[in-house]
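S.K.: What follows is the residue order along each chain.
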Amino acid sequence: MAEHQEHAEDHSGDHSQAFYLKIWAILLVLLILSILGPILAPHLEFGFLKAWMITLMTAFGIAVVKAYLVAANFMHLNIEKRYITYLLTTMLMLMLLFFAGVSPDVMKHKGQNWENVAAEAEIERALKAEAAAAAHGEHPGNEH
Amino acid sequence: MSTMTRPIATTRSATGIPTGKLAVWWVIGSEIVIFGGLLASYVMFRLGHPEWAEYASHTNTWFGGANTFVLLTSSLFAVLAHHAAVHGDGKTAAKWLLGTCGGGLVFLCIKAVEWTGEIQHGYTITANGFWSFYYTAAGIHALHVIAGCIIMLIIAKQAWNGKELQRVELIGIYWHFVDIVWIFLFPLLYIAK
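Taken in order, these protein sequences are the chains called A and B. Using the working numbering, read the first sequence as starting at 1 and increasing by one per residue. Using the working numbering, read the second sequence as starting at 1001 and increasing by one per residue.
Just chain A, with the same shape it has in the complex (with noise of 0.2 Å):
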């Protein structure tokens, strides 16, 4: 138990209650901004900036800073043993080969000698009932 107790300290650091709470306050703040940001976004267009760059950056900027702010600080991984972030970084890069190995596949519908007829047959399909629908006023995202 003595032992384990001295685990515990020696990966809590030196934070305190309020140093939590702000982290907190933080990622509220963050939150509000995420929600804010794609609403905003059309109204924020300037030169270069479109609004799906200003949607991009607010949703998933804001999302890995979250991520950063809750691993580093409540999950104390900025004191924890290096071998733990290398564990994790191993992990991530094994998720990106493996989108970077099956995304063309998935993203593209046609290649050399190949062709995903029923992807393209399927987006047709989906788009001209969208298309339909909004001439009609009805919403077509639960068809079969």
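Misleading hints may appear alongside valid ones.
[Stated by the list, open to error] As a list, the in silico DSS-like pairs of lysine-lysine whose alpha-carbon atoms are at most 30 Å apart:
| # | chain 1 | residue 1 | chain 2 | residue 2 |
| --- | --- | --- | --- | --- |
| 1 | B | K1193 | A | K128 |
| 2 | A | K22 | B | K1095 |
| 3 | B | K1157 | A | K22 |
| 4 | B | K1193 | A | K110 |
| 5 | B | K1091 | A | K22 |
| 6 | A | K81 | B | K1095 |
| 7 | A | K81 | B | K1163 |
| 8 | A | K128 | A | K108 |
| 9 | B | K1111 | A | K22 |
| 10 | B | K1091 | A | K50 |
Calculated from the structure, these hints are not laboratory results.
Keeping the supplied structure of chain A fixed, place chain B upon it in accordance with the hints.
M.R.: Relative to chain A, chain B alone:
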């Protein structure tokens, strides 16, 4: 419980990290591959299917935002439980863990209301590829919330009795990971429309 009565695997540590904590980190490592694979697949399909933008427009950002708030707050409770456990205050740690568990319960209630409305509108798991991913990803995440709550109740009971206080940190690490998964699910399913 004295160290002498513990199994050897519990007391030895080649990495300098307590065995229990190392095990939790390995669980999280494998969870990254599970959720990462699922979310990476979702991103591939979302980018490859322009019609999904319309399907995604029917998710309710306010439900997703409220649940993000609930999970972030429950994560705060979990780290405060850890803080109390480090100072040897098992009873306070147990109270914070119950608060964390309460957050998990509120999260599940919001999810239940949200899903009921969506299913009633015909957006079921078989409606199309987008809704299949939506229910699968959020459903697996919700199962992790349920599992976390059950384990947390067991650990809270032990902490209340001043036993195994190191476990408060372990369930906290798991809970923060569940929070991080939701931090990425939120923009993927609710914001990118």
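S.K.: Please go over all the hints and tell whether each is borne out by the structure.
M.R.: Hints and how they fare:
At most 30 Å may separate the alpha-carbon atoms for a hinted pair to count; B:K1193 and A:K128 meet this at roughly 19 Å. Note on A:K22 and B:K1095: the hinted pairing holds, with a Cα-Cα distance of about 21 Å set against a maximum of 30 Å. Proposed proximity of B:K1157 and A:K22 is supported: the alpha carbons are some 29 Å apart, at most 30 Å. With a CA separation close to 25 Å, the supplied pair B:K1193 and A:K110 stays within the 30 Å bound.
Of the pairs offered as hints, the one joining B:K1091 and A:K22 holds, with about 24 Å between alpha carbons and a cut-off of 30 Å not exceeded. Note on A:K81 and B:K1095: the hinted pairing holds, with a Cα-Cα distance of about 29 Å set against a maximum of 30 Å. Of the pairs offered as hints, the one joining A:K81 and B:K1163 holds, with about 26 Å between alpha carbons and a cut-off of 30 Å not exceeded. Proposed proximity of A:K128 and A:K108 is supported: the alpha carbons are some 20 Å apart, at most 30 Å.
Between B:K1111 and A:K22, the direct Cα distance comes to roughly 28 Å. Compliance with the 30 Å bound is thereby established for this hinted pair. Annotation: proposed proximity of B:K1091 to A:K50 is violated, straight-line Cα distance about 52 Å (limit 30 Å).
Going down the numbered hints, you'll see the structure goes against just number 10.
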